[in-house]
Structure formats: C-alpha cells, structure tokens
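From first to last, the protein sequence lines stand for chains F and B.
Numbering of the first sequence is given in the working numbering, commencing with residue 242 and proceeding in unit increments.
Numbering of the second sequence is given in the working numbering, commencing with residue 393 and proceeding in unit increments.
Hint data in this document are derived by calculation from the structure and do not stem from the laboratory.
Built from N, CA and C at the ideal position, the CB exists for glycine as well.
Worth double-checking, as some hints may not be accurate.
Said to hold, decoys possible - Quick partial rundown of chain B residues pointing at chain F, CB under 10 Å, derived from the structure: (1) 394; (2) 445; (3) 549; (4) 552; (5) 556; (6) 576; (7) 669; (8) 678.
To be verified - Here are some chain B residues pointing at chain F (derived, C-beta under 10 Å): (9) 528; (10) 560; (11) 612; (12) 613; (13) 616.
As the list claims (entries may be wrong) - Computed Cβ-Cβ distance ranges for the label pairs, DEER-style: (14) F:252 - B:426: 17 to 27 Å; (15) F:368 - B:660: 47 to 57 Å; (16) F:446 - B:693: 33 to 43 Å; (17) F:309 - B:449: 18 to 28 Å; (18) F:244 - B:482: 17 to 27 Å; (19) F:330 - B:663: 48 to 58 Å; (20) F:255 - B:482: 36 to 46 Å.
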Amino acid sequence: MLEVKDLHAYYGKSHILQGVTFNVKEGEIVSLLGRNGVGRSTTIKSIMGEVAPQGSILYRGRQIAGLKAHEIARCGLGYVPENRDVFPGMTVRQNLLLGIKDMKVEGRWKMDDMFDMFPNLRNRADVDAGVLSGGEQQMLTMCRTLMGDPDLIMIDEPTEGLAPKIVEQVGDLLSEIARRGVSILLVEQKLAIALKISHRLYVMGHGHMVYEGTPDELKANEQIRKEWLEV
Amino acid sequence: MSELLFFSLLNGIVTGLLLFMLASGLTLIFSMMGVLNFAHASFYMLGAYFAYTISLYVGFWLGLILAPLLVGVLGALVERYGLRYVHRWGHVAELIFTFGLAFLIEEVVQFIWGKETKAYHEPEILQFSLFTFFGQDFPAYKAFMLLVSIAIFIVLLLILTRSRIGLIIQAAITHPNMTAMLGHNVPLVFMGVFGVGCALAGLAGVIAGPALGTFPGMAVVLGSIVFVIVVVGGLGSLTGAFVASLLIGLLQTFAIALDYSVSDLLAVLNISVDAESALRDLWALSLPQVAPILPYLLLVLILIFRPTGLFGKRET
Ligand SMILES: Nc1ncnc2c1ncn2[C@@H]1O[C@H](COP(=O)(O)OP(=O)(O)O)[C@@H](O)[C@H]1O
Ligand SMILES: [Mg+2]
C-alpha cells in the first residue's frame, strides 16, 4: 500500500533522512520505533509533503513524492502530528468538521462515532478546543483526521505524556481503526502498545532503518532493544 | 447643534463603513501573507475607473456588479502569478512587490484615463434628497452607500463565522500546514481570499468614485488612512478593523463639522491668549484644519500606548 524507497530529507544543510526504506501493506498495523531525534517524525512529514522528500514514495502504486500536502491527503493518507495540533480558537465540533475533506462523500466515520467512543468530546462539543486537557486534545486530533476517512493513517507518538488510563483509550481507538479496515503507521518510543497491536515493527537508527521484524522477534532480540531502543 | 451632530454621525458611519470595505480585505490578506499589501488601495481605484468606463456603455448598475468582479479576478491573478512566486524570496521581496504594483497601477491608470478627474456620477434615480432635517439635505446616494456597505458587512460576517468555507479560511490563516494536511487546498483558499479582498476594495471604489471623485490620486488619499485603520485596529483583526474604521470615519467627519480652534478650547479652560503672541498661528488652528492629521495622531498614540493595536494579538 505504502512503499518508501531510499528516502532522503534535509533541514537546511543537515541531512536528516539518509535512505529510509520500508513498507506498509493493506490492513496492516506497522510501528516505527526509535529513540528521540532519529528522524521518525521527519519520515512521516516527508511522506505528507511537509518536508521536501527525495526518493520514491509509492502510495497504491502512485508516486506521491513531490505532490502538495492537500493532494497527498486526498489520495487517502491521514496524518496525526505529534504536537496535538488542534485549532485552538475553534470548538471541538468545528475541529471535527474541518477534518472532513468533502461533505458530499460518506466515509467510514461519523461525528457520532467519535462522540460514542469519547463521551468527553460530546460533552465538550461546543467548547474551545484550546482549553481541553492534553488527553482530550490527543483524541480530538486523531478523530479529526479520521473524519477525513483515510485508508492509511500515520500517527506520531499519540501516547506521549499521557496518563496510563488515557494511553489505554488510545490503544482502544487504534484497535477500532484497524477493525474498520484502515492501515496504521504508528510512531512510538515506548514499546508497550506497539508490541501489543503491531503486525510488524521497524526500528530506526540515525536517519535509516536498522531492524525489521514481528513483535515476537523483537521481544526475543535483546541486542537490538539494548542498542537502539532502551535508554 | 443637534442637526450637526446627526449629520456628522451619519456621514461618519458612511465613511467608516466604506473604509471597512477596504480594511477588512487588507487585514485578512495581512493575516495570510504576513505583510501589508501596499497595492490594496490601488484595487480600490481600479474599481472606480473600471466602473466609470463600463457605465459609459451599459450604465451604472452593471458597472456596480462587473467592475468588482473584474478587480477580483485581477487580484487573484496577481496573487497566483505574482505574489506566490515572489513569496519564496521572503517578506521584504513581497513588500517591495506590492509597492511596485501600486506605482504601476497608478501609472497605468494615468496612461489610460489621464490625470484629470473623471465625470463618473451617481445614477439619476439616486440623484435626489432622501430627507431634509433642519434644512439640511441627506442625499439618497449616501443612503445607498450605507446600504451596500452594511449588506457587504453582514454577508462577510455570515460567511466567515457560519459557513464551512469560512471555517476553512480561518484554519488556513492560523495553521496553514495542518489545514493542508487535512486535505484542504490552502493555496487556492489564499488566492480566493486575495481575490475577494481585492473585489471588496474594487466595490468600495465603485461606490466611492461618484462621491469622492475618480482621479489618479484616489488610491494614495485613501490608502494611507486604511493602513492607519489596520494598524490601529490590530494587524489581522477583523473586529479591530471594524471598530477602527468607524472610529476614524467619525473622527474625520466630526473634526470637519466642529469648527473649534485651539483658543476656543483654551477659553473653555479659562485661559486667554494674546492675539499678538508669536504662537498666534497655533492658537488659531481649528479642528477642520487639523482633521487630516488626526488619524495619524491616533496612529502614533496607539503605537506608543498599545503597540498591538486595539484588538491585535500578534507580537510583531
Ligand atoms: N524544523 C527543524 N529544523 C531543523 N532540524 C530539525 C527540525 N525538526 C527536527 N530536526 C532535527 O531532525 C532530527 C530528526 O528529528 P525528528 O524527525 O523530529 O526525530 P524523532 O521524531 O525521531 O524524534 C533531529 O536531530 C532534530 O533535531
Ligand atoms: Mg518525533
């Protein structure tokens, strides 16, 4: 479904991505692990066109490297940024409405689905998104992207800084997303959720992949975990 | 006295709303680009000239509709093929581009239409006095200007706050990258806002042309006032632009209507001045004389005491 080959990206002169290669198949949950600063966020941002990519990015056989961000999104890719980028001056409902690309097309998700999963958002539907708690904002950004009905959703560190109970809710949402046939590319630093829900995992080193395997294989591979994951 | 107040109030509101038609577009465009568009008032002037020429062939009313559309399309083209290209060289380049554009438009206008004021008049059915109050007439055309401005204001408000496209515009202005990644065509939104902003300026020109004169200097005359409004209201704030437009409109009409001099003011404070003193020219200064300076005085005061403007949030 998504096939990234020899992807390079730069911030000014610094060469951040140095040949990233990986893929996500239809219906698959794939995790991208690695320590802070290895280039996981930059990888997703180059796929979305926010950072200029060099190399090949095939989405369902179509070359999307070089397309504009909104064109890439309209191919069916969804992106949930790591900094919980809600529109702070707008209500929860308006944030969700802004996730919809085309009002005439009916997707997998309705606003009521979101409210059923997260009653907190329903109660605060007409509240300014800027005053929600960190956990609520995380849910809102994920739901907002889902309103655009992506076939592949890329989520950047959704559990960072959240209380264990909310991390559990994030995990439930990820399972629900997968159940509805959406592929997931999950960027994480912590292993817990990734090991539980992923079909395959990649570990990223400085600007390229250093490991690929199943959760069981990674659990067994103490050397990779020591060298590239644990602090 | 009361009729003076009444007419000044009415005229002030007419002027204020007209100014808002320019200021609203300018402040929205500022929020998107991050620079002031110095050519904004030039589109106002083009509106008047286009409408004048169109009115010669098909009359005032078609001009009222066609001229702003034409100006809007021209504005959109300027954004698409000018500013968007210049943008990659940074804010200074954009600023210089809009400066150059303002000069260019003024030269082209003089080249095509000449230097003298054009005989662009209100349509005959609006050439009557709507009502007379204490012996003073209120022209129907002013009421018409008022109606058009209020209608535009309401439509703008409804679109921006109630419609989906308004929501997308607001999101695109504050978070362009995130909005694009949700699948919205942000460059197209920007081109549209720029075009509509120019069309509004054009419309202001169409209806102001017959009242204030259609001549090559009309852009400069209004342009600097509109900048004052946008800065006083707070860069990027529509509410601020609205309040400041009315404030400046009223300030100007009242200053012209109230013929007081500095010595009158001092007399109220029980200070008498020597009519032969070296400062006698200062004492004789009257409000109508200083009226043109007042907006700039207000600008300076605002910049000193509230640099972000009345409703501005942005730190510049
Ligand atoms: N906007 C930026 N400008 C310059 N350097 C950046 C920027 N964003 C990230 N970097 C650098 O790029 C590298 C990779 O960052 P990032 O992709 O965010 O890593 P990760 O998401 O894996 O923590 C880091 O060294 C970081 O300092
Ligand atoms: Mg990151």
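Each hint, compared with the structure:
The closest approach between the C-beta of residue 394 (chain B) and any C-beta of chain F is roughly 43 Å, which is over the 10 Å cut-off, so the hint fails. Given the 10 Å rule on beta carbons, the hint for residue 445 (chain B) is violated: about 39 Å separates it from the nearest Cβ of chain F. Checking residue 549 (chain B) against chain F: minimum C-beta separation of about 16 Å lies over 10 Å; hint violated. This hint is violated: residue 552 (chain B) has a C-beta 12 Å from the nearest C-beta of chain F, more than the 10 Å allowed.
Satisfaction of the interface hint for residue 556 (chain B) is found here, the shortest Cβ-Cβ separation to chain F being roughly 7 Å, below the 10 Å cut-off. Interface hint status for residue 576 (chain B): upheld, as the beta-carbon distance to the closest one in chain F is roughly 6 Å, under 10 Å. About 56 Å separates the beta-carbon of residue 669 (chain B) from the nearest beta-carbon of chain F, more than 10 Å, and the hint is not met. Interface hint status for residue 678 (chain B): violated, as the beta-carbon distance to the closest one in chain F is roughly 46 Å, over 10 Å.
Checking residue 528 (chain B) against chain F: minimum C-beta separation of about 46 Å lies over 10 Å; hint violated. For residue 560 (chain B), the interface hint holds, since its Cβ comes within 10 Å of a Cβ in chain F; the closest pair sits about 7 Å apart. Checking residue 612 (chain B) against chain F by beta carbon gives a least distance of about 36 Å; that is not within 10 Å, so the hint is violated. Because the beta carbon of residue 613 (chain B) sits about 36 Å from the nearest beta carbon in chain F, more than 10 Å, this interface hint is broken.
With a least beta-carbon distance of about 31 Å to chain F, the hint placing residue 616 (chain B) at the interface is violated under the 10 Å criterion. Distance hint check for residue 252 (chain F) and residue 426 (chain B): the Cβ-Cβ separation is about 21 Å, which falls inside the suggested range of 17 to 27 Å. Against the hinted window of 47 to 57 Å, the Cβ-Cβ separation of residue 368 (chain F) and residue 660 (chain B) comes to about 52 Å, which satisfies the hint. Checked against the given bound of 33 to 43 Å, the beta carbons of residue 446 (chain F) and residue 693 (chain B), roughly 59 Å apart, lie outside it.
The given range of 18 to 28 Å is broken by residue 309 (chain F) and residue 449 (chain B), whose C-beta atoms sit roughly 42 Å from each other. Remark: the range hint 17 to 27 Å for residue 244 (chain F) to residue 482 (chain B) is contradicted by a beta-carbon distance near 37 Å. Residue 330 (chain F) and residue 663 (chain B) have their C-beta atoms about 51 Å apart, which keeps the hinted 48 to 58 Å range intact. Between residue 255 (chain F) and residue 482 (chain B) the beta carbons are some 21 Å apart, a value that contradicts the proposed interval 36 to 46 Å.
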